[in-house]
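Given only the sequences and the hints, what does the whole structure look like? Please build it.
Given next are the chains, with one letter for each unit.
Number of protein chains: 2
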Amino acid sequence: MMFKKVTIVGMGLMGGSLGLSLLDKKIAERVTGLGRNLKRLHIAKSKGAATDVTTDHKTGITGAGLVVISLPVMMIPQAFMDIKPYLSKNTIVTDMGSVKGAIADKIGLFDTGRNFVGSHPMVGSEKAGIENMKEGLYDKGACIVTPGAQTDKKKAAAVIRLWKTLGMRVSTMTPLEHDKCIAGISHFPHLAAFAMVVSHEKEILENKDIIGPGFKDATRIAASNEALWAEIILMNKAEILRNVDAYVKQLAFLSYMIDKSKISDLKEYIKKSRILRESIK
Amino acid sequence: MMFKKVTIVGMGLMGGSLGLSLLDKKIAERVTGLGRNLKRLHIAKSKGAATDVTTDHKTGITGAGLVVISLPVMMIPQAFMDIKPYLSKNTIVTDMGSVKGAIADKIGLFDTGRNFVGSHPMVGSEKAGIENMKEGLYDKGACIVTPGAQTDKKKAAAVIRLWKTLGMRVSTMTPLEHDKCIAGISHFPHLAAFAMVVSHEKEILENKDIIGPGFKDATRIAASNEALWAEIILMNKAEILRNVDAYVKQLAFLSYMIDKSKISDLKEYIKKSRILRESIK
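Keeping their order, the protein sequence lines are chains A and B.
For the first sequence, this note's numbering begins at 1 and goes up steadily by one.
For the second sequence, this note's numbering begins at 1 and goes up steadily by one.
Hints listed in this document are in silico derivations from the structure and should not be mistaken for laboratory results.
Be careful, since some hints might not be right.
The list makes no distinction among identical chains, and a pair is therefore deemed to hold if it is satisfied within one copy or across any two copies.
Capping the alpha-carbon separation at 20 Å, the derived lysine to aspartate or glutamate pairs in DMTMM-like fashion look like this [claimed, not checked]:
| hint | residue 1 | residue 2 |
| --- | --- | --- |
| 1 | K237 | E177 |
| 2 | K58 | D111 |
| 3 | K127 | D217 |
| 4 | K208 | E177 |
| 5 | K5 | D82 |
| 6 | K249 | D259 |
| 7 | K260 | E226 |
| 8 | K281 | D217 |
| 9 | K140 | E177 |
| 10 | K26 | D52 |
| 11 | K260 | D245 |
| 12 | K262 | E29 |
| 13 | K106 | E177 |
| 14 | K281 | E206 |
| 15 | K127 | E278 |
| 16 | K262 | D82 |
Remember, predicted model here, so these are calculated numbers, not experimental data.
As structure tokens, this is what we get:
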């Protein structure tokens with residue numbers, strides 16, 4: 001048993017699934033679900049995601065060895081401020097947000113007890129909410145832990161151990177390295193998928209029945225939750241805008257080759273794409 | 001039995017799988033594989049994709065009730081010219097190319113016997129070649145048949161019947177309608193995936209192990225065969241370049257909203273994307 005009491009702030013898809021796994025794998029003796037809507041917290045409890053639920057910060061946080069903030073990215077810094085009065089010196093606080101730089105910057109200003117260590121477990125789904133809670137969500141997949149210069153090393157090690165015990169492959173990066181990397185392999189691809197779907201509204205409405213697996217796979221993430229993703233994108237805007245520029249340059253280069261019918265250059269380009277893509281598995 | 005003899009020109013993934021299905025479903029009594037490489041034709045025959053194989057046009061075409069040209073798109077018009085001397089008045093000729101306008105234009109100039117009816121069965125894979133031949137490839141999925149003003153109506157009806165008998169949902173469009181529609185839902189998405197992968201070469205090489213299912217699905221088609229796709233793209237270049245323009249405009253609009261932190265507009269945009277994408281299933 002790593003923790004007697006773990007508190008999860010926010011009991012949605014990610015928070016609920018985490019509570020379930022912490023109890024199931026006996027990583028936590030008790031899991032407290034802390035949130036604003038008692039009715040929804042009770043649903044989470046009835047589904048086995050928490051042993052206790054509360055809307056009161058003091059009750060929720062006091063005595064917790066670990067607090068996991070599982071809220072949309074823009075709410076994470078404020079949530080840290082709300083729970084700060086009830087943290088003890090040894091309480092470890094982490095989060096599960098997909099953006100790390102802006103969160104580390106804001107929390108860093110107030111984290112006098114060096115309680116916080118950022119995490120980004122790369123799981124989830126285009127769905128959201130406790131209804132879509134999933135057993136074993138953290139059993140595999142990658143998690144990035146993002147200690148910065150001010151981070152308490154022991155707490156960082158405990159957070160890394162937590163995700164590994166849950167079954168994840170853990171890497172560490174600084175918050176800024178994380179945002180740069182994830183802009184490229186997750187945030188920007190979402191943006192590109194939104195644009196792809198909206199740009200082909202007419203074809204989708206008129207030719208639904210002939211849309212094949214290629215388009216479907218390429219745009220699956222275009223069905224992501226708008227509230228979560230608008231926040232993620234705005235909190236990592238500099239890196240994402242850099243990605244848009246780099247991508248549009250590639251499209252311009254492709255357009256040039258196509259316009260000039262440069263077939264062997266085009267083949268080379270597609271070959272490079274194929275080999276890179278095949279290398280991912 | 002619809003046909004005593006069907007000849008398939010080109011025995012790759014598509015042609016081989018078609019031969020297998022025509023024999024399996026007893027749509028053809030005999031299937032002749034016509035190609036240039038006798039060794040590879042014999043592999044196709046040994047795998048059950050043909051009852052006869054030949055490299056000789058006269059032997060291959062004479063007596064065939066149906067000829068299916070299963071070659072890369074740029075080779076289809078020349079293949080039609082090569083077989084034309086051996087076609088009878090009633091021979092139906094179709095193809096399986098992903099581009100229809102340029103092919104119909106070129107073949108139309110020589111199709112004095114009105115033998116040709118264009119088809120585009122939307123199956124296949126990012127793989128190619130007889131080694132990747134697949135049983136049941138035509139059992140489901142959509143097929144577009146593209147009769148034009150000059151097309152023989154009886155032959156078009158027979159081609160539609162053929163794909164339906166194989167198990168496909170068939171729609172008809174003119175060749176130009178086809179190219180416009182398929183540029184949007186297939187050709188351009190491939191181009192966008194090539195650009196996405198090449199644009200993120202560094203992240204792919206350095207962070208392979210943390211790339212998740214979102215990026216993988218979004219770029220699966222980026223591993224497509226370069227020889228086939230360079231041809232497809234160049235043969236539908238006008239429509240594809242129009243798609244690049246429309247898409248880059250959407251990206252510019254998104255960039256503007258992001259740069260100005262217009263969160264509610266961004267949410268509306270993503271919501272539109274989500275609802276459109278969810279409507280496809």
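These are the hints, each one checked on the structure:
1. K237 - E177: within (14 Å within a copy, 39 Å between copies)
2. K58 - D111: within (18 Å within a copy, 83 Å between copies)
3. K127 - D217: For K127 and D217, both the intra-copy (16 Å) and inter-copy (16 Å) Cα distances are at most 20 Å.
4. K208 - E177: Answer is between; shortest inter-copy Cα gap is 15 Å, intra-copy 40 Å.
5. K5 - D82: Classified as within: same-chain Cα gap 19 Å, cross-chain 78 Å, threshold 20 Å.
6. K249 - D259: both (15 Å within a copy, 19 Å between copies)
7. K260 - E226: For K260 and E226, the Cα distance is within 20 Å only across copies (17 Å; inside one copy 39 Å).
8. K281 - D217: Close inside one copy (15 Å) and across copies (11 Å); limit 20 Å.
9. K140 - E177: neither (22 Å within a copy, 45 Å between copies)
10. K26 - D52: Classified as within; 16 Å inside a copy, 65 Å across copies.
11. K260 - D245: between (23 Å within a copy, 16 Å between copies)
12. K262 - E29: Neither: 64 Å inside a copy, 43 Å across copies.
13. K106 - E177: within (17 Å within a copy, 53 Å between copies)
14. K281 - E206: between (34 Å within a copy, 14 Å between copies)
15. K127 - E278: Between copies only: 11 Å across chains, 28 Å inside a chain, cut-off 20 Å.
16. K262 - D82: Intra 60 Å, inter 27 Å, cutoff 20 Å: neither.
Violated hints, listed in ascending order, are 9, 12 and 16; each of the other numbered hints is respected by the structure.
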